[in-house]
Amino acid sequence: MSTVKLTIDNRKIEVEAGTTILEAAKKNGIKIPTLCAWTEIGHTPGACRVCMTEVEGQKSLIAACVFPVSEGMVVHTNTEKVRQARKMVVELLLANHPQECNFCVRNGNCELQKVAEFVGLREVRFDYTQFPKEGMIDRSSPSIVRDNRKCIECHRCVAVCENIQTVNVLTPAHRGSDVKVVPAFDLPLIESNCVACGQCILACPVGALYEKDDVDAVWKVLQDPQKHVVVQEAPAIRAALGEEFGLPAGTLVTGKMIAALRRLGFAKVFDTNFTADLTIIEEGNELLKRVKEGGKLPMITSCSPGWIKFCEHFYPELLGHLSTCKSPQQMFGALAKTYYAETAGIDPQDIVSISIMPCTAKKFEAQRPEMASSGFRDVDYVLTTRELARMIKEAGIDFLNLPDEEYDAPMGEYTGAATIFGATGGVMEAALRTVYAVVTGENLPSLDITPVRGLEGVKEATVKVGALGDVKVAVAHGLGNARKIMDKIRDGSADYAFIEIMCCPGGCIAGGGEPIPTNNEMRALRSAALYRDDGKVQKFRQSHENPSITKIYDKFLKEPLGHKSHQLLHTKYKKRGTELPQGKD
Amino acid sequence: MKAEDSELLKEFTTEQVAKLDEIIKKHKSKPGGLIPVLEEAQIALEYLPISVQKKIAAGLNLPLSRVYGVVTFYSFFTMTPRGKHTVRVCLGTACYVRGGKAIADTLKKEFGIEEGETTPDRMFTLETVRCLGACGLGPVIVVDEEVHGRVKPSKVKEILAQYT
Numbered sequence: 002m003s004t005v006k007l008t009i010d011n012r013k014i015e016v017e018a019g020t021t022i023l024e025a026a027k028k029n030g031i032k033i034p035t036l037c038a039w040t041e042i043g044h045t046p047g048a049c050r051v052c053m054t055e056v057e058g059q060k061s062l063i064a065a066c067v068f069p070v071s072e073g074m075v076v077h078t079n080t081e082k083v084r085q086a087r088k089m090v091v092e093l094l095l096a097n098h099p100q101e102c103n104f105c106v107r108n109g110n111c112e113l114q115k116v117a118e119f120v121g122l123r124e125v126r127f128d129y130t131q132f133p134k135e136g137m138i139d140r141s142s143p144s145i146v147r148d149n150r151k152c153i154e155c156h157r158c159v160a161v162c163e164n165i166q167t168v169n170v171l172t173p174a175h176r177g178s179d180v181k182v183v184p185a186f187d188l189p190l191i192e193s194n195c196v197a198c199g200q201c202i203l204a205c206p207v208g209a210l211y212e213k214d215d216v217d218a219v220w221k222v223l224q225d226p227q228k229h230v231v232v233q234e235a236p237a238i239r240a241a242l243g244e245e246f247g248l249p250a251g252t253l254v255t256g257k258m259i260a261a262l263r264r265l266g267f268a269k270v271f272d273t274n275f276t277a278d279l280t281i282i283e284e285g286n287e288l289l290k291r292v293k294e295g296g297k298l299p300m301i302t303s304c305s306p307g308w309i310k311f312c313e314h315f316y317p318e319l320l321g322h323l324s325t326c327k328s329p330q331q332m333f334g335a336l337a338k339t340y341y342a343e344t345a346g347i348d349p350q351d352i353v354s355i356s357i358m359p360c361t362a363k364k365f366e367a368q369r370p371e372m373a374s375s376g377f378r379d380v381d382y383v384l385t386t387r388e389l390a391r392m393i394k395e396a397g398i399d400f401l402n403l404p405d406e407e408y409d410a411p412m413g414e415y416t417g418a419a420t421i422f423g424a425t426g427g428v429m430e431a432a433l434r435t436v437y438a439v440v441t442g443e444n445l446p447s448l449d450i451t452p453v454r455g456l457e458g459v460k461e462a463t464v465k466v467g468a469l470g471d472v473k474v475a476v477a478h479g480l481g482n483a484r485k486i487m488d489k490i491r492d493g494s495a496d497y498a499f500i501e502i503m504c505c506p507g508g509c510i511a512g513g514g515e516p517i518p519t520n521n522e523m524r525a526l527r528s529a530a531l532y533r534d535d536g537k538v539q540k541f542r543q544s545h546e547n548p549s550i551t552k553i554y555d556k557f558l559k560e561p562l563g564h565k566s567h568q569l570l571h572t573k574y575k576k577r578g579t580e581l582p583q584g585k586d
Numbered sequence: 238m239k240a241e242d243s244e245l246l247k248e249f250t251t252e253q254v255a256k257l258d259e260i261i262k263k264h265k266s267k268p269g270g271l272i273p274v275l276e277e278a279q280i281a282l283e284y285l286p287i288s289v290q291k292k293i294a295a296g297l298n299l300p301l302s303r304v305y306g307v308v309t310f311y312s313f314f315t316m317t318p319r320g321k322h323t324v325r326v327c328l329g330t331a332c333y334v335r336g337g338k339a340i341a342d343t344l345k346k347e348f349g350i351e352e353g354e355t356t357p358d359r360m361f362t363l364e365t366v367r368c369l370g371a372c373g374l375g376p377v378i379v380v381d382e383e384v385h386g387r388v389k390p391s392k393v394k395e396i397l398a399q400y401t
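Top line first, the protein sequences correspond to chains U and W. Just so we're aligned, residue 2 is where the first sequence starts under the numbering used here, counting upward by one. Just so we're aligned, residue 238 is where the second sequence starts under the numbering used here, counting upward by one.
Some clues are possibly wrong.
[As the list claims (entries may be wrong)] The list that follows gives simulated cross-link-like pairs (lysine to any residue, SDA-like), each with its CA atoms no further than 20 Å apart: (1) W:Lys346 x W:Gly320; (2) U:Lys181 x W:Met316; (3) U:Lys181 x W:Phe314; (4) U:Lys181 x W:Gly320; (5) U:Lys576 x W:Ala295.
[As the list claims (entries may be wrong)] Just a few of them, taken from the derived set where beta-carbon distance is under 7 Å, the chain W residues facing chain U: (6) Ile287; (7) Leu301; (8) Thr309.
What the hints contain is simulated information worked out from the structure, not anything from laboratory work. Idealized CB from N, CA, C, for every residue including glycine.
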């Protein structure tokens with residue numbers, strides 16, 4: 002590896018050749034502001050012009066994000082010329098940006114605000130443009146709202162949709178001052194192939210992309226004395242919610258989260274992890290059945306609704322590989338209005354089922370017409386981690402000083418196997434633990450299946466499972482990685498028995514509904530929190546050991562893949578077609 | 238003719254659709270084929286509506302968003318039909334001070350359309366340009382390839398009559 006010596010702000014530094022000025026400065030603790038560059042998603046377009054620096058020997062100012070360092074280069078990031086230029090760039094961006102900061106969803110967590118502060122802007126000398134809302138706000142999706150008025154044309158959303166998720170819904174269209182980020186033909190998002198993953202929201206530096214806000218609807222049902230409102234939370238929430246209240250990333254806040262939900266007025270605080278354990282029993286048995294009876298293999302997990310919609314659009318002929326299991330969210334919803342209603346003696350008509358999810362696609366999933374197997378909607382409203390944090394703040398709850406509280410019965414007990422569903426590889430690990438035990442009657446020699454953990458895009462493992470012999474499995478997260486595996490199935494070269502696919506890079510802990518920022522550092526810290534919950538906190542680490550799961554089969558479901566399971570816990574998929582192909586020009 | 242071409246055949250002839258197939262086939266395996274395909278397709282089909290862009294995206298295995306982004310970026314491409322004749326009126330400085338604006342207004346009134354639009358009978362598309370380098374002849378209009386200089390509003394009808 003060759004290196005380059007250069008000087009930034011009178012400091013002599015040495016970095017790898019090919020590094021940009023921006024990265025070189027960052028690695029050495031010198032902050033250069035930027036609004037568009039994000040190397041994790043392969044995006045350095047040099048578009049925002051905020052990262053201006055002065056390089057000795059260069060006639061004009063240099064955009065640090067696209068300019069590679071060279072031997073002996075002398076860079077200044079804080080000269081009068083640089084400061085004036087940056088200020089002007091930000092001033093012009095703001096002159097073309099609605100002044101709605103006070104009530105913008107990103108108020109206080111907006112990169113444009115931060116950059117305006119960084120450059121010391123105190124005044125915008127230009128008349129503000131008027132920003133008519135007509136035709137500029139797209140509320141068609143149940144998951145994502147696009148407000149083109151606030152877009153600063155950084156095109157990070159386009160990059161993440163194209164480079165990471167390979168869904169290619171968003172594009173810059175038109176020209177000059179008419180440029181707009183839109184789906185093809187300026188169609189509303191709902192008419193595009195958008196899978197609702199919300200990675201674009203995490204990429205957006207401002208409030209041009211955000212979750213469809215269901216907070217008010219949930220407040221309303223919480224105020225209604227006729228309604229019995231129950232709530233479930235995905236595992237990824239407990240590993241990230243604390244960040245919204247200033248706790249370090251990776252802090253587990255399970256107990257405080259439960260306490261906060263009680264104070265918000267939920268009648269019962271249950272856990273999606275309970276139905277994650279149930280998913281493992283159903284899905285594990287489905288896998289064994291397919292293996293024994295020569296059913297379609299490899300079988301692929303079906304927990305991630307963005308992944309499901311992606312498969313429906315782009316690999317419709319392979320839908321038979323998907324497990325028929327509903328996601329834990331939907332299983333929970335169906336059971337809340339049947340099993341729980343019966344147990345508690347409450348008319349299911351009066352039960353409102355709310356879920357807290359790290360995911361924007363879950364809002365779409367909850368609205369799928371078939372997700373009403375009890376005769377009522379499985380899940381009535383889905384809130385993201387960010388929306389829950391807003392509710393807690395709106396209610397004036399002192400989150401940091403809440404006591405740790407416990408889940409309610411009968412749908413609150415969970416194992417470590419369930420909690421790792423939130424990280425890529427977790428469902429696979431949980432399934433293998435139980436499948437091994439069912440087949441061999443013994444526990445895996447080690448319950449930690451490390452080859453399926455971590456942020457590698459596609460992971461493989463082979464586990465010897467008694468009489469079944471070697472079981473080869475694969476795990477992919479992020480739809481670009483999912484595509485690699487799906488193409489292998491398509492061409493017949495996938496020799497796996499079981500595959501886990503999660504829509505979002507890193508799994509649910511980096512879902513489109515999680516706190517902003519979400520980046521690789523956050524992914525690692527939040528995942529570690531869930532593996533801690535599994536390895537250190539939970540008493541049981543295998544789904545079949547969960548006493549509440551044993552109980553629900555005894556009292557209600559009777560047997561895995563039985564009649565009631567089929568009615569309530571399994572589902573069908575829909576061919577949506579591939580009208581938008583995906584290659585590169 | 239394939240079933241998926243039915244949408245195309247509402248607007249184009251079977252010969253045009255066959256030509257489109259041929260254009261796509263020619264550039265299919267080469268990288269960077271999108272712009273040449275769009276260019277040739279527009280010449281063959283006159284404009285690039287959604288149905289044509291869908292066919293091109295499918296043929297080149299490209300996202301529809303990419304095709305749409307390119308079509309809307311370049312002013313050469315159009316998604317609406319063009320007239321048999323293109324009338325360009327110069328609004329460069331010299332033509333403007335010699336009454337180019339009045340000529341543009343007369344044309345708009347005569348056609349009943351705005352700049353960039355096409356008459357309902359698809360005879361004329363009206364465009365404005367900034368300087369054609371014929372300032373001495375201002376105000377100037379260009380119909381297809383023919384330049385008309387020293388145009389007066391009263392002469393506009395007469396000039397157009399040559400093309401109908």
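Hints versus structure:
1. W:Lys346 x W:Gly320: 17 Å, holds
2. U:Lys181 x W:Met316: Answer holds: Lys181 of chain U to Met316 of chain W is near 17 Å, not above 20 Å.
3. U:Lys181 x W:Phe314: Cα-Cα ~18 Å, so holds.
4. U:Lys181 x W:Gly320: 28 Å, violated
5. U:Lys576 x W:Ala295: Satisfied, since the Cα-Cα distance of roughly 18 Å is no more than 20 Å.
6. Ile287: 6 Å, holds
7. Leu301: Check passed: Cβ of Leu301 of chain W comes within 4 Å of chain U, closer than 7 Å.
8. Thr309: 4 Å, holds
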